[in-house]
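Colleague: All chains should be built: construct the whole structure from the sequences, respecting the hints.
Each residue of the sequence shown is one higher than the one before, counting from 81 in our numbering.
Treat the hints as calculated values from the structure; they're not laboratory data. Just so you know, even glycine gets a beta-carbon here, dropped at the ideal spot from N, CA and C. Do not take every clue at face value.
What follows is a list of derived Cβ distance ranges for each label pair [claimed, not checked]:
(1) K302 to T90: 47 to 57 Å
(2) D352 to E123: 18 to 28 Å
(3) G193 to R325: 46 to 56 Å
(4) V271 to K155: 20 to 30 Å
(5) E356 to T90: 21 to 31 Å
(6) P226 to E102: 40 to 50 Å
Below, a list of computed lysine to aspartate or glutamate pairs in the DMTMM-like style, where the Cα atoms sit at most 20 Å apart [stated by the list, open to error]:
(7) K368 to D292
(8) K283 to D186
(9) K307 to E342
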Amino acid sequence: MNNDLRKNRTVYGDERYTLGFEDGLPYIIIGGDRFRLTCHPYEPCLYITDGNGVMTAVHNSFDPDSVLRIFAAGKTVTSITGREYDAKDFCRMVEYASGMVDVQIDYAEKVFGDRPKKKNPQPEKKESYDAKEYSPGYDHIIEIDPAYDVIAQYPDCIVDYCLVNADPGCRSRNEHWMALVWAARKLFVDVDGEVVWHFDAAKADARRISADELFAPVTEDKMNYRKAFLQPPYPNGYTEADFDRVNAALFPNGTDWLEVFEWTTGWSEYFDEGHEWWGTLCLTVLDKTLDRIVVIMASATD
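Modeller: In structure tokens form, the structure reads like this:
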């Protein structure tokens with residue numbers, strides 16, 4: 081596809097909606113009215129701006145550039161609430177939210193009607209996600225990979241790993257944040273699908289770090305990836321060579337094409353034990369050569 085077609089493309093259209101790119105920028109037409117679709121540079125927040133410059137912010141939502149590319153590939157996306165969207169669903173949500181000024185994604189999703197009530201509802205808690213209702217996105221989670229076979233050879237490693245598919249060409253903080261959500265839904269439940277640790281990913285914040293920082297030597301005053309692997313609260317006997325072997329499996333094409341974000345850890349009960357003493361770790365690492373994100377988490381105490 082040439083550059084002009086990439087910059088100007090209709091992703092979806094019907095009698096009411098047109099969704100696409102113009103000059104490389106996402107837009108939607110709703111019943112003849114045109115809206116710009118943008119995203120906060122550091123937050124998972126969708127901005128819907130009408131022709132008069134009136135903007136609606138939909139928090140904990142989507143990066144429009146990423147989701148339009150996914151729709152163009154014939155795939156669906158899933159919101160933080162667990163609702164699956166095709167292109168038309170996305171258009172309906174945008175139309176419903178437009179003009180509301182400032183809303184959360186769960187409110188914007190009222191356009192789809194109420195979800196069925198759970199038989200034994202838990203007390204309402206915004207940061208609590210029910211694993212049965214909000215199951216992991218199996219189109220996103222990579223369940224089988226040679227890297228997992230290598231990791232399995234280190235049963236005393238307290239670092240948790242989850243591999244997540246990334247949409248080709250999507251390079252944004254929001255892509256990393258969504259991978260974090262998928263991984264949390266996978267890692268924070270038990271084998272029966274029951275929630276072990278609740279989470280509110282909207283509270284997670286991040287900073288970009290280099291690959292050199294990712295693989296930095298162990299330091300006494302700060303938790304980092306190498307320290308989490310080699311120095312858990314109880315010795316595991318693993319060596320630098322073991323650490324290198326695991327990462328060679330995770331990043332088989334080297335580190336030159338890695339994009340890394342280090343995340344805060346106050347957004348899930350998973351990290352509570354580590355906050356007591358030993359420390360916590362939360363990283364997302366995009367390998368641009370494989371279009372996948374490795375989510376790396378650790379939390380422990382004595």
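Colleague: Now, for every hint given, state plainly whether the structure supports it.
Modeller: Going through the hints against the structure:
For K302 and T90, the hinted distance range of 47 to 57 Å is satisfied, since their beta carbons lie about 49 Å from each other. D352 and E123 have their C-beta atoms about 24 Å apart, which keeps the hinted 18 to 28 Å range intact. In this structure, G193 and R325 meet the distance hint of 46 to 56 Å, their C-beta atoms being roughly 50 Å apart. The hinted window of 20 to 30 Å between V271 and K155 holds, with their beta carbons roughly 28 Å apart.
Checked against the given bound of 21 to 31 Å, the beta carbons of E356 and T90, roughly 53 Å apart, lie outside it. The hint said 40 to 50 Å for the Cβ distance between P226 and E102, and at roughly 42 Å that hint holds. At roughly 16 Å between alpha-carbon atoms, K368 and D292 fall within 20 Å of each other, so this suggested pair holds. Annotation: proposed proximity of K283 to D186 holds, straight-line Cα distance about 16 Å (limit 20 Å).
For the hint linking K307 to E342, the alpha-carbon distance of about 15 Å falls within 20 Å, and the restraint holds.
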